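*Asks:* Work the whole structure out from these sequences, hints included.
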Amino acid sequence: MSPAALVAEDVTREYALDGVTVPALRGVSFTVEAGDYVAIIGPSGSGKSTLMHLLGGLDRPTSGRLLIGGRDVAGLGPQELARLRNETIGFVFQSFHLLARTSAVENVALPLVYRGTRAAERRRRARAVLERVGLGHRLDHRPNQLSGGEQQRVAIARALVTDPQVLLADEPTGNLDTRNGQAVLALLEALNREQGVALVIVTHDNEVAARAARRIVMRDGEIVS
Amino acid sequence: MRLAEAWRVAIDALRANRLRSMLTMLGVIIGVAAVVVLVAIGTGTKQKIEQQVEGLGSNLLIVVPGQVNIGSAPSVSRLDLSDVDAVTKIVGDRNRVAVTVASGETVAAGAADTFATINGVIETTPQVFVRHLARGTYLSRSDVDTQRRVAVLGWSVAHALFADRDAVGQQITIAGVRFRVIGVFEQLGQSLGIDRDNEVHVPITTAQRLLGTNRVDGIAVKAPNRDEIDDLGARIIAELSRRHPGTEFSAVTQEQILGVLGDILGVLTGVLAAIAGISLLVGGVGVSNIMLVSVRERTKEIGLRKAVGARPRDIGLQFLLEAVLLTTLGGFAGMALGIAASLIVAALSPVPAAITWWSLTLAFGVSAAVGIVFGVVPAQRAGRLDPVVALRTE
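Chain order of the listed sequences is S and H.
Numbering of the first sequence is given in my numbering, commencing with residue 1 and proceeding in unit increments.
Numbering of the second sequence is given in my numbering, commencing with residue 1 and proceeding in unit increments.
Since the hints were derived computationally from the structure, they do not count as laboratory data.
Among these hints, one or two may not hold up.
[What the hints assert, rightly or not] Label pairs and their calculated CB-CB ranges:
no., chain 1, residue 1, chain 2, residue 2, range
1, H, A4, S, G148, 28 to 38 Å
2, H, K300, S, G196, 29 to 39 Å
3, S, P43, H, I278, 55 to 65 Å
4, H, R313, S, H204, 28 to 38 Å
5, H, V377, S, Q79, 16 to 26 Å
6, S, E131, H, R313, 31 to 41 Å
7, S, D72, H, W7, 29 to 39 Å
8, H, R384, S, T62, 17 to 27 Å
9, H, I278, S, G70, 56 to 66 Å
10, S, R101, H, L26, 20 to 30 Å
11, H, W7, S, Q79, 36 to 46 Å
12, H, R313, S, S147, 28 to 38 Å
13, S, T62, H, K300, 19 to 29 Å
14, S, R101, H, T356, 34 to 44 Å
Here the structure is a predicted model, which means the values were calculated and not measured.
Glycine is no exception: its CB is placed at the ideal position from the N, C-alpha and C atoms.
*Replies:* This is the structure in structure tokens:
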């Protein structure tokens, strides 16, 4: 059995705002196993975004232990964290975050640039992943030439191109209509099922959360169920 | 590979904001062009003056009364023709000694007249200084010995009095006294705005009678070779000091003149380059400013790149390259503009301009350095952005 994709043990995160310490997470513990499908749900201000940033290696906890892909993030500098994100995590954002004026295939290949992959190999892999998400006919289109659903699929392809252990999706359907939202969710679930990539969806939508194998409900920086 | 991506992104970013990139570059273009043009003018002027001083003839020693000091008033000459004989004895060859007594006088021929420098000289002048005749003959020793009223005209004087007609054999008057023209010099051109062709050579004996004086303004000696110049100068000064107790004499060589002129022009060129450098600095500040704007505009992009694995230095490099690209492109354009402007100045104005490799290299190097120096702060700022904050930015 492969090690857990994500392990959080009594993780806290505090922010200093104008000299006042504000706790965003107050001791969170849970595990995301390899191939797991977890929804993190809670109202805004519950700390779920903070948690997602921590799980994605974009931030480090104030205290507690956090393992990403089996590696403890404590003591990792910006360089090592960047590498950890590149190798272990695939991000999908609510607002897609595609580079404008850049073709779909180049957007998807971007993480490989920072891995040092050669240009031809980058393009080959990006094309393969785009075909996997059903956009083989849109390789050289730019984001503004694609629909919202297509843009999110490009973003999913970008998250997948590095063969990550975990897909972290932050409100992936938030900017999409119901039909496109359903299609994107179905795609993420298919990837989870067929490729064994752990899927963590952060959402405030109960319908979306209900589809996950496991739900983590957050309130005021704590897991309530 | 990451470097290639950084280049691609940098070029893309400049293309995305064409007008802004152009305007930012303009500061660098103007700065670099100014450096190139001003250094070219400084260098060209220096080269031209050096050519002219060297063109006087080699191994020259010019002896004048008083001290040669910039800023001190010229002293009244106490030399006369007997001193010239004494110097000639030291030198041992009359053909190596030239003398002059100079005065500004009106020269006329028929209805035409002009104001020219009258140089009273001896017949050796063309051997000591390099002077060539366009027409006729130069003064002879017997002209000098017998105070003949004969004259050799500079090109401008001949042109002013006789236009295109042959001046040789014509009668002119100098300060109302009649002279016969026996020769015309080849044209020399201008030096530091002074027309070197606006002169008339007459026998020194004739000139002294005309001016009512027996003074000699200066003695020039052509040394047989370079090694003897200093020794010869010392011996001449010793002899003249013995003959004129209480009067100082100076002997200057071409090297000394060139050295002094070179120093002055070098400083002048440096000052011009420094002034131009300031505009380059201002251009650099503009680059820095626009790069900070660019970082702010692309905060979200930086956040995304970091999320997918860009290290701080990948982001920093990307923005640094963008700044360097701006200034080096500006540097190239500025060099082209500077070269073009220098050629135009040299062709259309009397100001000489010589483009030098070192000024081009310097201007280009400085523009690239400006990109690095003024790009570092925005690049560091971009590299250190917190990805969480950057991703949240709208």
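*Asks:* For every hint, state whether the structure bears it out.
*Replies:* Hints and how they fare:
1. H:A4 x S:G148: 28 to 38 Å: holds, 32 Å
2. H:K300 x S:G196: 29 to 39 Å: holds, 31 Å
3. S:P43 x H:I278: 55 to 65 Å: Roughly 59 Å apart at Cβ, these two residues keep to the hinted range, so it holds.
4. H:R313 x S:H204: 28 to 38 Å: holds, 37 Å
5. H:V377 x S:Q79: 16 to 26 Å: For Q79 (chain S) against V377 (chain H), whose Cβ atoms are near 21 Å apart, the range 16 to 26 Å holds.
6. S:E131 x H:R313: 31 to 41 Å: With Cβ atoms ~33 Å apart, the hint holds.
7. S:D72 x H:W7: 29 to 39 Å: holds, 36 Å
8. H:R384 x S:T62: 17 to 27 Å: holds, 20 Å
9. H:I278 x S:G70: 56 to 66 Å: holds, 58 Å
10. S:R101 x H:L26: 20 to 30 Å: Holds - the Cβ-Cβ distance for R101 (chain S) and L26 (chain H), about 24 Å, lies within 20 to 30 Å.
11. H:W7 x S:Q79: 36 to 46 Å: violated, 22 Å
12. H:R313 x S:S147: 28 to 38 Å: Holds: the Cβ-Cβ distance is about 36 Å, inside 28 to 38 Å.
13. S:T62 x H:K300: 19 to 29 Å: holds, 26 Å
14. S:R101 x H:T356: 34 to 44 Å: Roughly 42 Å apart at Cβ, these two residues keep to the hinted range, so it holds.
In terms of the numbered hints stated before, the structure departs from hint 11 and from no other.
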